[in-house]
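Participant: In order, the protein sequence lines correspond to chains A and B.
Here this note's numbering is used: position 185 in the first sequence is 185, and no number is missing along the way.
Here this note's numbering is used: position 173 in the second sequence is 173, and no number is missing along the way.
Possibly wrong hints are sitting among the right ones.
No farther apart than 20 Å at their CA atoms in a straight line, the calculated lysine to any residue pairs in the SDA-like style are these [what the hints assert, rightly or not]:
| hint | chain 1 | residue 1 | chain 2 | residue 2 |
| --- | --- | --- | --- | --- |
| 1 | A | K326 | B | F45 |
| 2 | B | K326 | B | S277 |
| 3 | B | K127 | B | A95 |
| 4 | A | K326 | B | Y84 |
| 5 | A | K326 | B | G80 |
Partial chain B-side listing against chain A, Cβ under 8 Å, derived [what the hints assert, rightly or not]:
| hint | residue |
| --- | --- |
| 6 | G80 |
| 7 | G114 |
| 8 | C218 |
| 9 | M219 |
| 10 | A290 |
| 11 | S310 |
| 12 | A385 |
Derived from the structure by calculation, the hints contain no laboratory data.
Only a predicted model underlies this, so the values are computations on that prediction, with no experimental measurement involved.
By construction, the Cβ of each residue, glycine as well, lies at the ideal position given by its N, Cα and C atoms.
Number of protein chains: 2
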Amino acid sequence: MSVTFAQGFSAAGVAAGISSVAGKKDLALVVNNGPLDAAAGVFTFNRFCAAPVQWSRKAVANGHVKAVILNSGGANACTGQAGYEQSKATAETVAALLGTEPGDIAVCSTGLIGELLPLDNVLAGAKAAYGQLSDTAEAGAVASRAIMTTDTKPKTVEVQGAGYRIGGMVKGSGMIAPQLATMLCVITTDAVVGAGQLQAALNAGVDTSFNRIDVDGCMSTNDTVLLLASGASGVEPDPDEFNALVHKACASLARQIIGDGEGASHDIRITVTGATSEGAALACARAVAASNLLKCAISGNDPNWGRIVSSLGTVPLDVAPYDSDKVTVDVNGVRICENGGAGRDRSEVDMTPREVHIDIDLNAGDAEATVWTDDLTHEYVHINADYES
Amino acid sequence: MSVTFAQGFSAAGVAAGISSVAGKKDLALVVNNGPLDAAAGVFTFNRFCAAPVQWSRKAVANGHVKAVILNSGGANACTGQAGYEQSKATAETVAALLGTEPGDIAVCSTGLIGELLPLDNVLAGAKAAYGQLSDTAEAGAVASRAIMTTDTKPKTVEVQGAGYRIGGMVKGSGMIAPQLATMLCVITTDAVVGAGQLQAALNAGVDTSFNRIDVDGCMSTNDTVLLLASGASGVEPDPDEFNALVHKACASLARQIIGDGEGASHDIRITVTGATSEGAALACARAVAASNLLKCAISGNDPNWGRIVSSLGTVPLDVAPYDSDKVTVDVNGVRICENGGAGRDRSEVDMTPREVHIDIDLNAGDAEATVWTDDLTHEYVHINADYES
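Using the sequences and the hints given, assemble the complete structure.
Facilitator: What follows is the structure in structure tokens.
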């Protein structure tokens with residue numbers, strides 16, 4: 001399903017010979033067949049942003065995108081003017097195939113930083129993908145697999161609105177941290193929505209989904225989230241419902257990234273309540289999510305609350321006012337820290353579920369925030385010590 | 001040697017039954033026999049600071065400390081009023097043995113957060129240590145071993161000044177990140193120096209040593225660095241030389257922590273030059289030092305410069321102005337990134353030495369900063385998934 005769940009979109013995925021894994025599908029094409037071609041985008045804040053990000057930022061700026069071409073097997077990041085020319089040539093090839101302008105084509109890349117792409121393969125792959133474009137569920141599924149790198153499974157979403165649909169795909173497993181925290185994501189809708197409304201919905205949706213997950217604290221050079229509207233349903237959605245469904249799609253995809261985080265054996269939900277502001281709650285949750293020591297403990301099935309509060313204690317007072325003597329911490333429903341000290345025995349906590357819930361109450365106010373992260377395992381080290389990405 | 005290198009200090013280390021490892025020496029006592037008892041201290045910024053930190057902060061505040069008692073096997077952190085009473089009782093016991101006031105005794109603890117100490121064992125251990133006090137090199141060495149936890153070797157320093165001496169010991173291996181980055185450190189000198197000068201020398205020494213190392217990004221609840229002066233040499237040091245030697249002692253101890261970082265197979269020196277300010281250089285160096293992906297790559301002997309610049313790119317423009325197209329990165333002397341893109345081939349880099357030098361030139365100014373970190377290995381995960389600390 002994925003991006004072809006919404007009407008008006010066709011997709012394809014092919015093996016273009018970009019990836020070092022022979023025969024792996026490594027190039028995806030998503031085409032908006034209209035009647036609308038409204039588009040919105042959110043991109044990495046990394047100052048070493050990749051050539052395709054530089055290109056796509058411009059392509060999306062006028063609110064119109066007719067197609068997105070995405071490749072795994074190479075990030076085309078830190079490749080200078082030559083890299084930019086590669087993204088441009090890729091867009092030009094797709095534009096010629098579709099009979100449109102290069103400025104209407106977004107380009108996304110993921111893989112090793114610092115090397116140019118095998119451009120001939122990319123361009124030949126674009127033509128092959130164009131020849132295989134289809135609006136079937138299978139075509140969407142194939143596209144979602146073609147963008148995978150260290151991902152172990154494709155990640156897609158389908159959301160049904162009142163007379164319209166939203167579909168999407170994402171790749172991302174490591175180098176995941178706000179802002180953003182995704183790598184590459186394309187979300188499609190057949191609702192009748194203009195670019196301004198799309199961008200507002202996407203900004204809000206991303207803020208509490210992709211920007212609230214953190215696999216390893218590392219921000220990518222290539223993060224891109226695109227939201228494309230074809231208008232093919234003919235339905236103008238209720239704005240509140242539409243915003244909520246875009247958020248739902250983003251949240252589902254973000255959750256799937258955490259579920260497939262590199263080497264992860266636990267998905268960890270950290271909720272901070274009782275904060276004086278959402279920003280304070282978020283700062284505390286992010287500090288806990290960033291703790292390598294806690295993430296190791298969880299991989300060892302140890303609900304080590306000392307590593308939770310010692311992380312919490314690194315957040316400056318002016319960022320998050322709270323009294324350390326009033327903090328409580330529950331892990332999987334067991335209050336193992338009470339009034340900043342020991343509560344129930346940690347042996348009472350059942351750590352066997354994949355999902356671990358850490359609930360921290362600062363008892364300082366009414367605001368809250370949630371972030372998701374993964375545990376830190378031997379397998380994460382193995383993947384990232386031995387895989388060049 | 002360690003703390004007994006300077007005249008006027010005696011030390012001891014005993015097995016008090018605090019550690020879960022039977023027979024491990026886990027309690028150290030360091031006594032300043034004068035004639036001076038000047039003292040300075042630097043403590044963790046963690047808001048969940050441990051009971052002994054709360055106690056010692058007060059003990060040092062008036063500039064006088066006659067003895068320090070340190071234990072491994074338990075941090076006495078997040079233990080509330082009961083924990084504070086334990087630190088107080090420990091100080092009272094030592095004070096009674098020495099015929100002085102409890103407020104002249106500093107207390108340090110390290111180990112698992114969230115549990116009270118076996119106080120009877122601590123107090124009996126204090127008496128046993130008092131009975132074994134000695135100013136020999138061996139006594140100092142024993143004390144430095146009694147404070148170890150996941151450390152694999154004791155860490156000590158001896159610095160000879162013009163007619164006076166500085167000695168020290170430190171423990172620390174994990175949960176090491178600014179500010180501070182040490183766990184427990186006692187430095188002694190027989191120079192004739194007042195508390196104000198001691199504190200200034202310590203602040204400056206710590207700033208570019210313990211505050212520039214980062215094993216795992218995790219800040220401890222118990223970090224304490226104490227500098228004690230006995231005046232036993234009778235020599236009033238040249239202030240500049242004294243400051244330089246205190247820094248030298250701190251830098252040596254900090255470097256030893258990195259050399260014994262949990263599970264580490266490489267010690268990584270990250271130097272950022274060409275910055276617009278020292279703060280900008282430091283922010284960039286710290287961002288690179290915090291990258292789990294880079295630290296994994298280095299453990300796999302991969303000088304992955306993409307992970308260096310992608311970390312650099314997370315530092316906001318207003319914090320560190322630089323142009324990403326002008327950045328160069330050398331790893332072990334090979335310029336593998338030039339003008340923000342690929343330079344010489346990464347295969348030219350010899351990654352076999354334990355020490356890895358990453359030299360980043362922002363080409364934006366004249367300021368620089370250096371931080372040290374460790375690589376991230378399977379063994380780090382093993383230690384922290386299986387060891388409760």
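Participant: Decide, hint by hint, whether the structure agrees.
Facilitator: Going through the hints against the structure:
At most 20 Å may separate the alpha-carbon atoms for a hinted pair to count; K326(A) and F45(B) meet this at roughly 19 Å. A hinted pair counts as satisfied when its Cα atoms are at most 20 Å apart, and K326(B) with S277(B) qualifies at roughly 17 Å. Taking the CA atoms of K127(B) and A95(B), the gap is about 11 Å. The hint holds against a cut of 20 Å. Note on K326(A) and Y84(B): the hinted pairing holds, with a Cα-Cα distance of about 17 Å set against a maximum of 20 Å.
This hinted pair checks out: K326(A) and G80(B) have alpha carbons roughly 11 Å apart, not beyond 20 Å. Taken as an interface hint, G80(B) checks out: its beta carbon lies about 4 Å from the nearest beta carbon of chain A, inside 8 Å. Checking G114(B) against chain A: minimum C-beta separation of about 5 Å stays under 8 Å; hint holds. Hint on C218(B) holds. Least Cβ distance to chain A is approximately 5 Å, under the 8 Å limit.
Here the hint on M219(B) is kept, as its CB sits about 5 Å from the closest CB of chain A, short of 8 Å. Taken as an interface hint, A290(B) checks out: its beta carbon lies about 7 Å from the nearest beta carbon of chain A, inside 8 Å. Residue-level restraint check for S310(B) holds (minimum Cβ-Cβ distance to chain A is 5 Å; threshold 8 Å). For A385(B), the interface hint holds, since its Cβ comes within 8 Å of a Cβ in chain A; the closest pair sits about 3 Å apart.
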